[in-house]
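Kindly produce the complete structure, drawing on both the sequences and the hints.
Now for the letters of each chain:
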Amino acid sequence: MRSHSLQTLLAAVALIASGFASAEAPADFLARYEAEARQSTPGFSASAERGEKFFTSTHGGEWSCSTCHTKNPAARGKHANTGKAIEPMAPGANPERLASTRSVEKWFGRNCKDVLGRACTPGEKADVVAWLMTSPR
Amino acid sequence: MNARFPARALRTLALVVATGAAAAAMADDENKQMNIDHPVYRSECGSCHIAFPPALLGANSWRAMMAGLDKHFGSDASLDAGTAAVITKFLVANAGRRDTSGTDGSPQLRISDTPWFRKEHRDGHDGITQGIFRSEAVKSAANCAACHRDAGQGDYSERNIRIPKNGARS
Chain B
1 MRSHSLQTLL AAVALIASGF ASAEAPADFL ARYEAEARQS TPGFSASAER
51 GEKFFTSTHG GEWSCSTCHT KNPAARGKHA NTGKAIEPMA PGANPERLAS
101 TRSVEKWFGR NCKDVLGRAC TPGEKADVVA WLMTSPR
Chain H
1 MNARFPARAL RTLALVVATG AAAAAMADDE NKQMNIDHPV YRSECGSCHI
51 AFPPALLGAN SWRAMMAGLD KHFGSDASLD AGTAAVITKF LVANAGRRDT
101 SGTDGSPQLR ISDTPWFRKE HRDGHDGITQ GIFRSEAVKS AANCAACHRD
151 AGQGDYSERN IRIPKNGARS
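Chains as they are written, first to last, in my numbering: chain B, 1 to 137; chain H, 1 to 170.
These are computed hints drawn from the structure, not numbers from a lab.
Warning: the hint list may mix true and false statements.
Claimed, not checked - Here are some, though not all, of the chain B residues that point toward chain H, as calculated from beta-carbon distances under 8 Å: (1) 79; (2) 84; (3) 110; (4) 114; (5) 118.
Using N, Cα and C, we set each Cβ at its ideal position, and we do this for glycine too.
In structure tokens:
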């Protein structure tokens, strides 16, 4: 029992530590996704305008990204099913955003599946990051 | 003088003990703090909704839920295997002792579908009105915090319940 809870504690500490260790800046994500996108599309350059369009449109399903996050990245959103508040997406309004690979990759993974029924491409992620970084203007 | 002192002291002591007992009994009745105390659980399972109290489902229900996070009530809530294992341990260790299998024998995944929940939240009980769970202000029985204001902290005490007006906008 003791070693069991100790293990859990250690695992929890390791998890939290790994979260801190990977603290990054928004620009790191932009650079990384652009670089990935260039592997299939040489000369790719992220566009905040495309990112906004992508974020605020539906993609065949019921939800857009804005359904939960609103059309304003500096505003608080609300989960479409549960009503729970979601803190702003823009790093300019919420310093915890675009700060950890673990969190960013986890949520792109889940939310793209829910909204597009597939993973987002590196190009789409670069565009979204570029748009979030321009806000609040 | 000498004889009265201990009598008075005794009376005071008796009063203190009685008050203490009453306070303890009241705390039992009114404080309903449920254990959600695990940082990984709270952050991972408290992002789309409040972190629900593990004690409100049996271990089999939690195991079944954790085995299907990619299709979680219509949302993708998938986690890496390591994090999922840590959370499963916490949930199972703090699960309710009562089995929460449905009539067909498969584990129930919704707290709000369990007989306990339905009984505690039946129409007419303590201000719960018909249709309140579907109202604009509550939306879903899973939105515990619409009524239990400190549900996010695991607090389900009666004094922290505020039932929104039916149909009111939140």
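A quick look at each hint next to the structure:
1. With a cut of 8 Å, the hint placing residue 79 of chain B at the interface with chain H holds, because the nearest CB-to-CB distance is about 5 Å.
2. Look at residue 84 of chain B: its Cβ gets to within about 5 Å of chain H, closer than 8 Å, so that hint holds up.
3. Proximity of residue 110 of chain B to chain H holds as hinted, the smallest CB-CB distance being about 4 Å (cut-off 8 Å).
4. A hinted interface residue such as residue 114 of chain B counts as satisfied when its beta carbon comes closer than 8 Å to some beta carbon of chain H; here the least separation is about 5 Å, so the hint holds.
5. The beta carbon of residue 118 of chain B comes no nearer than 11 Å to any beta carbon in chain H, farther than 8 Å, and the hint placing it at the interface is violated.
When the structure is compared with the earlier hints, a violation turns up for hint 5 alone.
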